[in-house]
Amino acid sequence: MDVLIEYLPVLIPLIVLEVALALTALIHVLRHPNYRFGNKVFWCIFVVIVQFIGPIVYFAAGRGEEE
Amino acid sequence: MRAYAAFVKKEFLEMSRTYKLLIMGIIFGVLGLMNPLTAKFTPDLLAALMPAGMTIELGEPSVMNSWMQFFKNIPQMGLIVAAVLFGGILGNEISKGTLINLLTKGLSRNTVVLAKFTAWGIMWTCSYALSFIITLLYTNYYWEDSADSVLLAGAVSGVWIFGLLLIAAALLGGSLFASMYGSLLFMGGIVVIQFLLGIIPDLGRWMPTGLISNNMSLLEGNMGLAGFMRPLLTAVLLTALFLGLSCAVFRKKQL
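The listed protein sequences correspond, in order, to chains A and B.
Position 40 of the first sequence, counting from 1, maps to 40 under the UniProt record's numbering, and the rest follow consecutively.
Position 227 of the second sequence, counting from 1, maps to 227 under the UniProt record's numbering, and the rest follow consecutively.
Don't read these hints as lab results, they were simulated from the structure.
There's no promise every hint is true.
[As the list claims (entries may be wrong)] Quick list of simulated restraints, FRET-style, between CB atoms:
1) 20(A) to 77(B): 14 to 24 Å
2) 15(A) to 133(B): 13 to 23 Å
3) 77(B) to 11(A): 15 to 25 Å
Keep in mind the model is a prediction, meaning the values are calculated, not measured.
Backbone N, C-alpha and C define an ideal beta-carbon position, used for all residues, glycine too.
Given the sequences, and given the hints that come with them, work out the whole structure.
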């Protein structure tokens, strides 16, 4: 427990960033139902489960073009 | 000048709309947080994972471990993500034809290349600075001693200059091949050639790849600042050369 408290100052921003990123990606997935590949269910699970990499892959490769 | 400012602004708008700003900010922010954390945490983690009765002696993690993580993570993870984003800078716009309207309205082609370099340079500088400041703050928080500030400044600026070189290479690749993949391959090729030439010791001392691989030996004092200046000089010259070349190539480019 002591160990955990020692790391809290760096863990909290890390967790906040991760949650913020996952939420942004999740909202984007739900609002823009066009993807370059994959479907809504796949991307929802992917961006939430795969930390950091998931949302980044979605924004960089999976996000469809906005018409 | 007005066209230049407007185009820089347009680049930033594009970065935020395509979520590149978000990706860069978060990646570099997270890397900044991870460096001191991994350095501090590894011994505890190993101790927790070892079977009972087994011990390995690990030195108390030091400031150097934190900076070692920084100079390992940023060039590996950070620069790779950055390079993928840099890849589309010019190539995407040429292949999609979105520049045609602006150019026929009288926007100079040099302005396009230079404004893109400025905008992406600022973006790279800010994300890199973010990562560095976070690592610096946490390193000062967890450790009482600190690294030599002059050497640290030298080592940190090395990676920064290398990033700028990559942006210039991406612009040249984009104007040569007019596609994102061409640009990415060109950047990769530039780095691979540097590593190959680096095998010859006399040439190796001048290769800009030294800026992302010798940071720790500089910081630990095994290598003088003078040894770091040589690749720095090459990198600055190459950046200028690439920029000039991509202006020249892009001027002649059929859109």
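Each hint tested on the structure:
| no. | hint | result |
| --- | --- | --- |
| 1 | 20(A) to 77(B): 14 to 24 Å | holds, 19 Å |
| 2 | 15(A) to 133(B): 13 to 23 Å | holds, 20 Å |
| 3 | 77(B) to 11(A): 15 to 25 Å | holds, 19 Å |
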